[in-house]
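Asks: Given the coordinates of chain S, assemble chain U onto it according to the supplied hints.
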Amino acid sequence: MALAAISKTGEGIGAPTRQRLAGFARTLRDQGFKVGLAETGDALAILTLPLAGRSSSLKPALRSLFCATHSDWERFDAIFDAFWLGRGLRQARTLSGSAAESRASVRRLADASLSSGTLKLPDHVDRRSVGDGDSTGDGRGRREGASRFENLASADMRHIVDPADIAQVQALAGRLARVMRARLVRRERVRRSGRRLDLRRTIHRSVSHGGTPVDLAWRHRKIKPLRLVVLLDASGSMSLYTAFFVRFLHGVLDAFREAEAFVFHTRLAHVSASLRDRDVTRAVDRLSLMAQGIGGGTRIGESLSTFNRWHARRVINSRTAVMIVSDGYDTGAAEQLGEEMRRLRRRCQRIIWLNPLIGWRDYSPLARGMQAALPYVDLLAPAHNLESLAALEPYLSRI
Amino acid sequence: MTLDRKTISDRLAAVGYVADRDIATALWLMDFLKRPLLLEGEAGVGKTEVAKALAAVHGAQLIRLQCYEGLDQNAALYEWNYQRQLLAIKTREGVGESADAIEEHIFSERYLLERPLLAAIRRKKPPVLLVDEVDRADEEFEAFLLELLSDFQLSIPELGTIKATSIPRVVLTSNGTRELSDALRRRCLYHYVDFPDVDREAKIILTRTPGIDTALALQIAHMVAAVRKEDLRKVPGVAETLDWAATLAGLDVHDLRQEPEAVHETMMCLLKTREDRSRLTREVADRLLGKVA
Chain S
673 MALAAISKTG EGIGAPTRQR LAGFARTLRD QGFKVGLAET GDALAILTLP LAGRSSSLKP
733 ALRSLFCATH SDWERFDAIF DAFWLGRGLR QARTLSGSAA ESRASVRRLA DASLSSGTLK
793 LPDHVDRRSV GDGDSTGDGR GRREGASRFE NLASADMRHI VDPADIAQVQ ALAGRLARVM
853 RARLVRRERV RRSGRRLDLR RTIHRSVSHG GTPVDLAWRH RKIKPLRLVV LLDASGSMSL
913 YTAFFVRFLH GVLDAFREAE AFVFHTRLAH VSASLRDRDV TRAVDRLSLM AQGIGGGTRI
973 GESLSTFNRW HARRVINSRT AVMIVSDGYD TGAAEQLGEE MRRLRRRCQR IIWLNPLIGW
1033 RDYSPLARGM QAALPYVDLL APAHNLESLA ALEPYLSRI
Chain U
19 MTLDRKTISD RLAAVGYVAD RDIATALWLM DFLKRPLLLE GEAGVGKTEV AKALAAVHGA
79 QLIRLQCYEG LDQNAALYEW NYQRQLLAIK TREGVGESAD AIEEHIFSER YLLERPLLAA
139 IRRKKPPVLL VDEVDRADEE FEAFLLELLS DFQLSIPELG TIKATSIPRV VLTSNGTREL
199 SDALRRRCLY HYVDFPDVDR EAKIILTRTP GIDTALALQI AHMVAAVRKE DLRKVPGVAE
259 TLDWAATLAG LDVHDLRQEP EAVHETMMCL LKTREDRSRL TREVADRLLG KVA
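The listed protein sequences derive, respectively, from chains S and U. The number in my numbering is simply the position in the first sequence, starting from 1, with 672 added. The number in my numbering is simply the position in the second sequence, starting from 1, with 18 added.
Chain S with its partners taken away, still in its complex shape (with noise of 0.2 Å):
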């Protein structure tokens, strides 16, 4: 449909007015709509309508085309005036400038761990793949908080574990999602056998007993797989065990059908898409980088408050559990931590927190952001390392 609105209406098109079409979509792409031939093609299609030549009716008529999300839909405008009106251009070269910025801080702060011998990041980290990863990330690194140098020193690995150990550490903890899930899966459909009968089914077979429903035919209940949010604390305080946990966040991504993950620290940031990366250490690279880049201090009520607001409607339902990995060490308001775990509690099935402290000798959740929470928290455990991870297992299976 679409080509053929190119060949039937394109001819009444010039040659500029096409390029310049082409460089608003290409324009659109890089700021991360999803913009195809289809689309390119039907606008073509409406520019040589007389309702073109005015921008403010061409204006909602391509918005409409274009815009696929909400997020989508608030940018619109500005690119829009900027690319074909030239107009409020200082503000669309900020709206684009920020996210170009923020890849060059993050190619900054690899060349910085480069050249410095002092800061280091992790050794596991793969230099090279940052410059290939940089525009998948598209822009996420934005979220950065202040005090980016000061941890980047203190996130060195190096000092606790050997990296080849850090290596093998986190394959592991990879491999035990995966299992994690298989077990799961299995348990879910021999305790679940639901069965109703299958009328259309069993109607076409009993045609031939002459009407009579010899032959049943039955329906199994669709089994509804667990869904697995967790919400990964990637403060300063959690530096230490950051790395590892996100190696296994993506091996719960890879191996959960339905899973989301979030970082925060001062903010929220939504990381499923990078971390939904085939290639493993790209993805677990790009990840330890912003998580390790951001620093002073967590705030895990407002946070909290963020995901309640903007993304638990979307990716919880009711069964989901929410796994926070969080040492509990608040800056914000205790309350404010309180207040919103109990509304997060209210829309999902379950509440685990893991603690990586526990682990340690003598440990009680003394932390204030922790007492407020421990009411709202239907599991508290250790997860310090992989045994601690691996005992989560029957829990989970019984959600």
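Hints were generated in silico from the structure; no laboratory data involved. Check the hints yourself; a few may be wrong.
Computed cross-link-like contacts, PhoX-like style, restricted to lysine-lysine with a CA-CA straight-line distance of at most 20 Å [to be verified]:
hint, chain 1, residue 1, chain 2, residue 2
1, U, K143, U, K108
2, S, K706, S, K731
3, U, K24, S, K731
4, U, K52, S, K731
5, U, K247, U, K309
6, U, K290, U, K252
Restraint ranges, calculated between C-beta atoms of paired labels, are given here [as the list claims (entries may be wrong)]:
hint, chain 1, residue 1, chain 2, residue 2, range
7, U, N99, S, R698, 48 to 56 Å
8, S, W890, U, L177, 39 to 47 Å
9, S, W756, U, E157, 32 to 40 Å
10, S, G758, U, T179, 50 to 58 Å
11, U, N99, S, R1019, 39 to 47 Å
12, U, E176, S, T689, 49 to 57 Å
13, S, L1051, U, E279, 24 to 32 Å
14, U, G77, S, Q691, 49 to 57 Å
15, U, R140, S, R698, 37 to 45 Å
16, S, L1051, U, E87, 21 to 29 Å
17, U, Q171, S, W890, 44 to 52 Å
18, U, A161, S, R877, 24 to 32 Å
In this text, a Cβ means the ideal position worked out from N, Cα and C, and glycines have one as well.
Replies: Frame of chain S, contents of chain U only:
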């Protein structure tokens, strides 16, 4: 028959739908590009109303498919009339017909029950198909819907392929409880429906509430806009506004500021949870009323 943009927006007004600026363009574009329209927005902003208005504009029938969790093809497409089929098998068997003949007979059009999707493609005059809250159906159904929307034909194993006699105008709505697939989004035109601004909401109140005076409608619209800015669990939609306007008009209120008591007592039209009720205390309501002035 495609209508131009001007005609559509005129007719929208004529059927009593107070359109926002760009919806007429989107509705016109649907016809021009032959694409479905995906409407997103918060609950209660009037997404379903758009489809109803579109049907009225074209003088077409509105066929509605309400999606829900677990919606399957049986409920959306077609079903056989089992009772009649069983009866037919029994009676024909008595006459001594062969099994093949019986089978051919009971799986014919006569025993077919149309469900919304099948109904939508078998009308002579293209109807408006409203797929409401498509985000509530599961991914499998979404994929199936996508296939139907691109081919406009479907196959019934016992009957063969059924081609569309007319291509329906398809409107999908989503509340964003689940992320829709990229494929579906790309197939559709997109329009984000926001809460109406004060002027538009006042106009909606005026057209929908007979006998209300303009000043009051404007006050109500201002008040509702202020209420929506509060941190509520369930933000009042346009339907709630209309309920409230009708209630106030029924109570013979002419000026909200003069009768804060009535305002407070009828607030339950807008606030539907206990939590919201307790959050919007008398003091808060009075403060908002003060701003309305």
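Asks: A separate judgement is required for each hint: does it hold in the structure or not?
Replies: Hint check results:
Between U/K143 and U/K108, the direct Cα distance comes to roughly 38 Å. Violation of the 20 Å bound is thereby established for this hinted pair. Note on S/K706 and S/K731: the hinted pairing holds, with a Cα-Cα distance of about 18 Å set against a maximum of 20 Å. At most 20 Å may separate the alpha-carbon atoms for a hinted pair to count; U/K24 and S/K731 meet this at roughly 16 Å. Taking the CA atoms of U/K52 and S/K731, the gap is near 19 Å; set against the 20 Å cutoff, the hint holds.
For the suggested pair U/K247 and U/K309, the alpha carbons sit about 12 Å apart, so the restraint of at most 20 Å is met. Taking the CA atoms of U/K290 and U/K252, the gap is near 7 Å; set against the 20 Å cutoff, the hint holds. Between U/N99 and S/R698 the CB atoms are about 55 Å apart, so this pair conforms to the stated range of 48 to 56 Å. For S/W890 paired with U/L177, a C-beta distance near 24 Å fails the hint of 39 to 47 Å.
About 37 Å separates the C-beta atoms of S/W756 and U/E157, a value consistent with the hinted range of 32 to 40 Å. Distance hint check: the CB atoms of S/G758 and U/T179 are about 52 Å apart, consistent with the given range 50 to 58 Å. Range check, U/N99 to S/R1019: Cβ separation about 41 Å, and the 39 to 47 Å hint holds. Judged by the Cβ atoms, the range 49 to 57 Å given for U/E176 and S/T689 holds: they are separated by roughly 52 Å.
Under the hint 24 to 32 Å, the C-beta atoms of S/L1051 and U/E279, about 50 Å apart, miss the expected range. At about 42 Å, the CB distance of U/G77 to S/Q691 disagrees with the hint of 49 to 57 Å. A hinted range of 37 to 45 Å holds for the C-beta pair U/R140 and S/R698, which are about 42 Å apart. In this structure the hint that S/L1051 and U/E87 lie 21 to 29 Å apart at CB holds, the actual value being about 27 Å.
U/Q171 and S/W890 have their C-beta atoms about 30 Å apart, which leaves the hinted 44 to 52 Å range violated. Between U/A161 and S/R877 the Cβ separation comes to about 28 Å, which falls inside the hinted range of 24 to 32 Å.
When the structure is compared with the earlier hints, violations turn up for hints 1, 8, 13, 14, 17 and for no others.
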